[in-house]
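Chemist: Below, each chain spelled out in residue letters.
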Amino acid sequence: MSLETMLIVAAILFAIGLYGALARSNVIAVFMSIELMFNAVTLTVVALARYAAPLAIREDIGSVLTGQVFAVFIITVAAAEIALGLGIVFALYRSAESVNLSEANRLRH
Amino acid sequence: MLFQDIIFWVLAVTAIGAALGVVLIRDLFRSALLLAVVFVAVAGFFALLSAEFLAVVQVLIYVGAISILFIFAIMLTRNVREGNLPNRLQLPAVLFPALLLAALVVAVVSSDWRPIPEEELGRAQLTQTQAVNIVAEETLAAEGFSTAAALENAQQAGLADLLIGAFVLPFEAVSLLLLAALIGGLALARSRGG
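So the sequences go chain by chain: Z and V.
The number in the numbering used here is simply the position in the first sequence, starting from 1, with 161 added.
The number in the numbering used here is simply the position in the second sequence, starting from 1, with 10 added.
Careful, some of the hints might be misleading.
[Claimed, not checked] Restraint ranges, calculated between C-beta atoms of paired labels, are given here:
| id | chain 1 | residue 1 | chain 2 | residue 2 | range |
| --- | --- | --- | --- | --- | --- |
| 1 | Z | A252 | V | L105 | 31 to 41 Å |
| 2 | V | P125 | Z | V238 | 26 to 36 Å |
| 3 | Z | D221 | V | S121 | 22 to 32 Å |
| 4 | V | A158 | Z | A252 | 25 to 35 Å |
[Said to hold, decoys possible] Non-contacting residues of chain V with respect to chain Z, defined by C-beta distances greater than 12 Å in every case (computed):
| id | residue |
| --- | --- |
| 5 | E148 |
| 6 | N163 |
| 7 | A183 |
[Claimed, not checked] Under 8 Å between C-beta atoms, here's a sample of chain Z residues computed to sit facing chain V:
| id | residue |
| --- | --- |
| 8 | E165 |
| 9 | I195 |
| 10 | M198 |
| 11 | V202 |
| 12 | G223 |
| 13 | L226 |
| 14 | Q229 |
| 15 | I235 |
| 16 | G248 |
| 17 | I249 |
| 18 | A257 |
It should be emphasised that the hints constitute simulated quantities derived from the structure, not laboratory data.
These numbers come from a predicted model, not from an experiment.
All C-beta atoms, glycine included, are put in the ideal place defined by N, C-alpha and C.
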């Protein structure tokens, strides 16, 4: 377990999430892939906070917590995004009777 | 260290395997359950990275709320006929993440990371696990909190102190965002006639 292996695991998770977001046609599956990417990024910032030194570590020990603060913000924004996104999914399903992305072209016509 | 390494590799294999399942399995319900497995594995990573608070938050918010919300959404909109179909972009959808992953791995391996200096490691870990206020004073002194000023600095460096101190502006912005998302979600999910 080192910074490099941790970052590579996070990068693999991100790539898998990106593949899912690009390759799926179901809106909910795309949302789940986006959540995977959010988690990968959170993992990255927490791993950096744990292993890599901030410049100010000697004067202000609180700087080692910056990554964790970032992670808190990412988790909050992800929660807000999911609440809104699923609201849109329900609205789409009500009006189009489908959660397939290729049929969600209402704004085009 | 060996014990932590074993846990790390078990978590890594679980997370990556479950993540592959999330994007590859056709049954949406099963991929939502596998997504919860990924979330739990990431919570384990947080605990390994001495971020205990984040591990708990991850379990509460992701495993407890977001996974359930996904399962709820799948049940409400389930389309048995179609399931989790791939779309027509298969080749670019494989190529682009693969290229990105290669670039990220090269960047990670070739970067010159500046690790936390050995003598600061104990202090950093005590601060990150928010343990400064609960462990004995002898332990704190042994880990390098030798002066009263250093100890006070660490006691004022909790996650909560940072959120209402140095990061108060983004904190307030995020609270506004949550409020807006709440109202927006309500407005979107409300039926037309009401």
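Chemist: Confirm or reject each hint.
Modeler: For each hint, the structure was consulted:
For the hinted restraint 31 to 41 Å between A252(Z) and L105(V), the CB-CB distance of approximately 33 Å keeps it satisfied. A C-beta distance of roughly 29 Å is found between P125(V) and V238(Z), which places it inside the suggested range of 26 to 36 Å. Separation of D221(Z) from S121(V) is about 24 Å and conforms to the stated range, judged on CB atoms against 22 to 32 Å. Restraint check, A158(V) to A252(Z): a C-beta distance of roughly 58 Å breaks the suggested window 25 to 35 Å.
Distance check for E148(V) against chain Z: the nearest CB is about 19 Å away, which clears 12 Å, and the non-interface claim stands. Not every beta carbon of chain Z lies more than 12 Å from that of N163(V), the smallest distance being close to 6 Å; the non-interface claim is violated. Not every Cβ of chain Z is farther than 12 Å from the Cβ of A183(V); the closest lies at roughly 9 Å, contradicting the non-interface assignment. For E165(Z), the shortest C-beta to C-beta distance to chain V is roughly 6 Å, which falls under 8 Å, so the interface hint holds.
The closest approach between the C-beta of I195(Z) and any C-beta of chain V is roughly 11 Å, which is over the 8 Å cut-off, so the hint fails. About 10 Å separates the beta-carbon of M198(Z) from the nearest beta-carbon of chain V, more than 8 Å, and the hint is not met. Residue-level restraint check for V202(Z) is violated (minimum Cβ-Cβ distance to chain V is 11 Å; threshold 8 Å). The interface hint given for G223(Z) is met, as the beta carbon of that residue sits about 3 Å from the closest beta carbon of chain V, less than 8 Å.
A distance limit of 8 Å between C-beta atoms decides the matter here; for L226(Z) the minimum to chain V is near 6 Å, and the interface restraint holds. Here the hint on Q229(Z) is kept, as its CB sits about 5 Å from the closest CB of chain V, short of 8 Å. The interface hint given for I235(Z) is broken, as the beta carbon of that residue sits about 10 Å from the closest beta carbon of chain V, more than 8 Å. Look at G248(Z): its Cβ gets to within about 3 Å of chain V, closer than 8 Å, so that hint holds up.
The closest approach between the C-beta of I249(Z) and any C-beta of chain V is roughly 6 Å, which is under the 8 Å cut-off, so the hint is satisfied. A cut of 8 Å between beta carbons decides the hint on A257(Z): the least distance to chain V is about 11 Å, and the hint is violated.
Violated hints for the displayed structure, listed by number in ascending order: 4, 6, 7, 9, 10, 11, 15 and 18.
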